[in-house]
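S.K.: Numbering (the working numbering), first residue to last: 16 to 435.
For the record, the hints were derived by calculation from the structure and aren't laboratory data. A quick note: this is a predicted structure, and the numbers were derived from the prediction, not measured. Check each hint, because a few of them may be wrong.
Stated by the list, open to error - Cross-link-like lysine-lysine pairs, in silico, BS3-like; alpha carbons within 27 Å at most:
(1) K290 <-> K343
(2) K189 <-> K212
(3) K293 <-> K343
(4) K233 <-> K189
(5) K102 <-> K119
(6) K189 <-> K119
(7) K234 <-> K291
What the hints assert, rightly or not - Label pairs and their calculated CB-CB ranges:
(8) I144 <-> Q413: 18 to 26 Å
(9) L147 <-> E300: 47 to 55 Å
(10) H375 <-> R128: 31 to 39 Å
(11) E155 <-> T286: 47 to 55 Å
(12) H375 <-> P417: 39 to 47 Å
(13) L245 <-> Q374: 47 to 55 Å
(14) D428 <-> L381: 39 to 47 Å
(15) S232 <-> K343: 24 to 32 Å
(16) G317 <-> L381: 29 to 37 Å
(17) D428 <-> H182: 53 to 61 Å
(18) N101 <-> S137: 18 to 26 Å
Where a beta carbon is used, it is the ideal one built from N, C-alpha and C, also for glycine.
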Amino acid sequence: MSAESAGPRPGPAAGPGSEPGPGPRPGPAAGPGSEPGPLCPEHRQALSWFCCSERRLVCAACAELGGRCQGHRIRRAEERAEELRNKIVDQCERLQLQSASINKYMAEVLPGRNQRAVSTASAARELIIQRLGLVRSLCEAEEQRLLEQVHGEEERAQQSILTQRVHWAEALQKLDTIRTSLVDMLTSMDDLQLIQKEQEIFERTEAAEGILDPQESKKLNFDEKCARSLLLTQLWTTAVFGSLSGTEDVRIDERTVSPFLQLSDDQRTLTFTAKKSKACADVPERFDHWPNALSTTSFQAGLHTWMVNVQNSCAYKVGVALGQLPRKGSGSDSRLGHNAFSWVFSRYDQEFCFSHDGQHQPLGLLRCPAQLGVLLDLQAQELLFYEPASGTVLHAHQAAFPGPLFPVFAVADQTISLIH
């Protein structure tokens, strides 16, 4: 923009007797005793103009034609100052409105929010206490019921043993009496007397033969089923998965992986491939037909948990197996759940079951679990399968496991992954 169109421009300096030109007028005169304003360092004139392009005060010489601000937008300093005063006034009004809004918020909103927070927190505490109290009462009632059942079963077993003890003590006494009488006949009677006692000998022999040898009876054993409780199992499993610092860092042993499976670099993901891989070395540990794999480590004692992501697969098996599980061939010996060496939870399409030694127990699941938790308690000789999302025990199995157990996996659709 030219100096002429941008605003008033200074004219030639007025000489003696000449008329004033149209150039910049001097600013307000300094009052008596006031300090003179700053001067232009180049022209030593008062800074009475404002250059909008350079955003600074300039003198009339800088603003006139040929000055350093030629072509710039020029305004009188007092106009710029008035503009700034108006902006400050507007800003002060906005700040005043903002302060009023904040004061209203602090006076009206925050006290209500504070009261609401206090009442909500109080209600939450009461709800927690109420629910945990109910859970505690339920646990105490279940504890009492189970302890009474255990005590009753213990007394029943002891009474059965006592009854057997009395019975067999009487049998021993009877046998001893019969044997003593027979020995007495044998040693004290002659031939004629012995023949005359034949009927008595027959009767006593028959009585002795009527006393059978002791037989194994389940009535003499303590029935551990009396200590089982679905509620206790559910609570205990939830507590175990919730309280342990973490699940086991289970990794898959590459040497055991079937040629129909691909193992990820971190040894946690198995992916099914319909085409048999030729890159896998045929080592003794490898499953050569069924799409199986074992973990690198086994468990011999204690409590162990691991998690498997199964949401992408419609055909898989997860469980435990003995190290002597056969690896070769297409028979049942190496097929998980079809032999005495493996215990597995399996899914095929929408069907779920628990399998061991060729026995398949259908499980009526209402939905397909996305994650599957496995809990192995070797002290209690118990294997549980758990769905973390719903906190549901899908199946519990008790068995006398004969040796160290390896986590075992099979997948015939998409992928499954260990979670750590």
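S.K.: So, for every hint listed, does it hold in this structure?
M.R.: Hint by hint, here is what the structure shows:
no., hint, verdict
1, K290 <-> K343, "18 Å, holds"
2, K189 <-> K212, "19 Å, holds"
3, K293 <-> K343, "16 Å, holds"
4, K233 <-> K189, "26 Å, holds"
5, K102 <-> K119, "25 Å, holds"
6, K189 <-> K119, "103 Å, violated"
7, K234 <-> K291, "54 Å, violated"
8, I144 <-> Q413: 18 to 26 Å, "36 Å, violated"
9, L147 <-> E300: 47 to 55 Å, "49 Å, holds"
10, H375 <-> R128: 31 to 39 Å, "59 Å, violated"
11, E155 <-> T286: 47 to 55 Å, "49 Å, holds"
12, H375 <-> P417: 39 to 47 Å, "21 Å, violated"
13, L245 <-> Q374: 47 to 55 Å, "21 Å, violated"
14, D428 <-> L381: 39 to 47 Å, "21 Å, violated"
15, S232 <-> K343: 24 to 32 Å, "43 Å, violated"
16, G317 <-> L381: 29 to 37 Å, "33 Å, holds"
17, D428 <-> H182: 53 to 61 Å, "60 Å, holds"
18, N101 <-> S137: 18 to 26 Å, "53 Å, violated"
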